[in-house]
Amino acid sequence: MSIKADVQLDAKGLACPMPIVKTKKAMSNLADGQILEVQATDKGSLADLKAWSESVGHQYIGTVVENDVLLHYIRKSSNEEIEDITFKHTISNEELFDRASKGGTILDVREEAEYAFGHIEGSKSIPLGELEDRLDELDKDQEILVICRTGTRSDLAAQKLAEKGFTRVVNVLPGLSSWKGDLSKKI
Amino acid sequence: MVVIKMTASDVARKVIENKELFILDVRNKDAFHDWKIEGHSFDYLNIPYFDLLDGVDEILPKLPTDKDILVVCAKEGSSLMVAEMVSEAGRDVFYLEGGMKSWSSYLEPIKVGHLTGGGELYQFVRLGKGCLSYMVISEGEAAIIDAVRFTDVFTNFAKEKHVEIKHVFDTHLHADHISGGRHIAEATGATYYLPSKDAEEVVFNYTPLEDGLTVEIGASQLEVGALYSPGHTIGSTSFIVDSRYLLTGDILFIDSIGRPDLAGLADDWVGDLRETLYHRYRELAEDLIVLPAHFMMIDELNEDGTVAKRLGDLFADNHGLNIEREEEFRHTVTDHLPQQPNAYEQIRQVNMGKILPENDEQTEMEIGPNRCAVR
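Here the protein sequences line up with chains A and B, keeping their order. The first sequence runs 1 to 187 under the numbering used here. The second sequence runs 1001 to 1375 under the numbering used here.
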């Protein structure tokens, strides 16, 4: 299956350093939180994109190989991550499975690409940006356990859900960046 | 200011002649820590090229003004970009042609010594990877031992010397680099020898290399003799050339000894390794000059760039030859095995003839240090 990205960058056939030079330029035109797909044939681009993303603070999500083309996914670092968590009802990562087993729905509000490269088995994916249009996919009678990478997007999602009349909503902290258990892939 | 190309051969001369060089390595940090160009008098600065895309101002104060500066990357492109930026900032600077890829494949042929009847022995030093290959030349004929995959280097060298390659040997089935032996033999009509105990799974024809086999190079009495010396692999075989040189393959190095685990059989083979190093080699003349198939550190190079040392001196100095208790030897060899070489399983498959990857893939497999030894 193809993985959803906001912008595609064709760096096929380019040798180092061009894939990174082009990625840097493309990333500067993205909005915070958006995802770039970099298509490259240079095998060295994998280690370098990972290291570059880390050094400038972007989130390297993962890479798939399709017909000798490497598809790298990177999410632009986002200022939202440093805002305060304001939604009052929270639980810890460790409490999540217990609450889910009592009939709660785990709602993963990260981008589809992030979900594809690693998510909790059985969790439902609705990216934060699509949440308002997809509320009908959620059951108001069930507890909704909202999770993201660091707790910030899930905080916004939880507030949104509460605003829309969902009464049983909790934010799961600190989120998947600190998740100790197994993650499933969908690629 | 100008950007000047430096070749792997130029860098090799600097290593051997102990020259100073400042290397600005712009690969990512993991790659640099794993493997870099080693020189006695080289200084290093590692800043990934992707941290320099906005300019090189921050590193300019760190670049010396009294030494040549060489920018190095994996394949050349990034080093050229950074070199141009440094040059625009007003500094003369070199870049490495072909990058680490070319460094990994460069061979420097160095004469080890004269042999009986006007013969010569050459060591081909692959500085970037630590591999050593050999060519014995006598009266118009040549034998090659442990050739690496750049077959042209050997066939061209033979042409220059006006000799015909008659015998091609591999001391064992290599796991850290791809052998060129079989292909040289095919191209020249030479006989290709491989120890049959290492060759159970190979899919091509070879002449079994047995203990005690001798071949004569040229018309005179110059002999290359095989000595079964298992331990790194079950088939590992050493050679005695002209009663003067002992080619030890991956059994004994200058500052370390072979590791027995690359075929997954460390516990089975450690006893063989002990037997070879502590008994078989002990029976040989101490004046033999040991010529291994690898070196691990630049410190193992002699002043002329060769890697060679008297067997008697190794008995005195090499830690791996001085572990008295067998139990302790077993532990030393099997407990502290270093990380395995890059793609060693695949490399074994290539050397068995089971897979035939493209040239670029072979380069990828061989990237990185060789890691064949335990100290």
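Keep in mind that a hint or two might mislead.
Below are the DSSO-like pairs computed for lysine-lysine, each with C-alpha atoms no more than 30 Å apart in a straight line [claimed, not checked]:
hint: 1; chain 1: A; residue 1: K22; chain 2: B; residue 2: K1067
hint: 2; chain 1: B; residue 1: K1354; chain 2: A; residue 2: K24
hint: 3; chain 1: A; residue 1: K22; chain 2: B; residue 2: K1159
hint: 4; chain 1: A; residue 1: K160; chain 2: A; residue 2: K50
hint: 5; chain 1: B; residue 1: K1111; chain 2: A; residue 2: K25
hint: 6; chain 1: A; residue 1: K124; chain 2: A; residue 2: K160
hint: 7; chain 1: B; residue 1: K1005; chain 2: A; residue 2: K22
hint: 8; chain 1: A; residue 1: K180; chain 2: B; residue 2: K1029
hint: 9; chain 1: A; residue 1: K185; chain 2: B; residue 2: K1005
hint: 10; chain 1: B; residue 1: K1062; chain 2: A; residue 2: K12
Simulated from the structure, these hints should not be mistaken for lab results. The structure presented is a predicted model; accordingly, all values stated were derived computationally and were not measured.
Going straight from one Cα to the other, do K1062(B) and K12(A) come out at no more than 30 Å?
-> 35 Å, violated
Holds or violated: K180(A) with K1029(B), Cα cutoff 30 Å?
-> The hint holds at about 27 Å.
Given pair status - K1159(B), K22(A), alpha carbons within 30 Å | 47 Å, violated
Could you grab the alpha-carbon distance between K185(A) and K1005(B) and see if it respects the 30 Å cut-off?
-> 46 Å, violated
Given the hint that K22(A) pairs with K1067(B), test it: the Cα-Cα distance must not exceed 30 Å.
-> Not OK: K22(A) and K1067(B) at ~33 Å, beyond 30 Å, violated.
Would you check the hint for K1354(B) and K24(A), treating anything up to 30 Å between C-alpha atoms as holding?
-> 42 Å, violated
Would the pair K160(A) and K50(A) pass a check requiring their Cα atoms to be no farther apart than 30 Å?
-> Measuring from Cα to Cα gives roughly 33 Å; hence the hint is violated.
Would you mind confirming whether the straight-line C-alpha gap from K1111(B) to K25(A) stays at or under 30 Å?
-> Violated, because 52 Å separates the two Cα atoms, which is more than 30 Å.
Decide if the proposed pair is consistent with the structure: K1005(B) and K22(A), CA atoms, cutoff 30 Å inclusive.
-> The hint holds at about 26 Å.
Does K124(A) pair with K160(A) here, judged by a C-alpha cut-off of 30 Å?
-> 17 Å, holds
Hints 1, 2, 3, 4, 5, 9, 10 from the list above are not met by this structure, while the remaining hints are.
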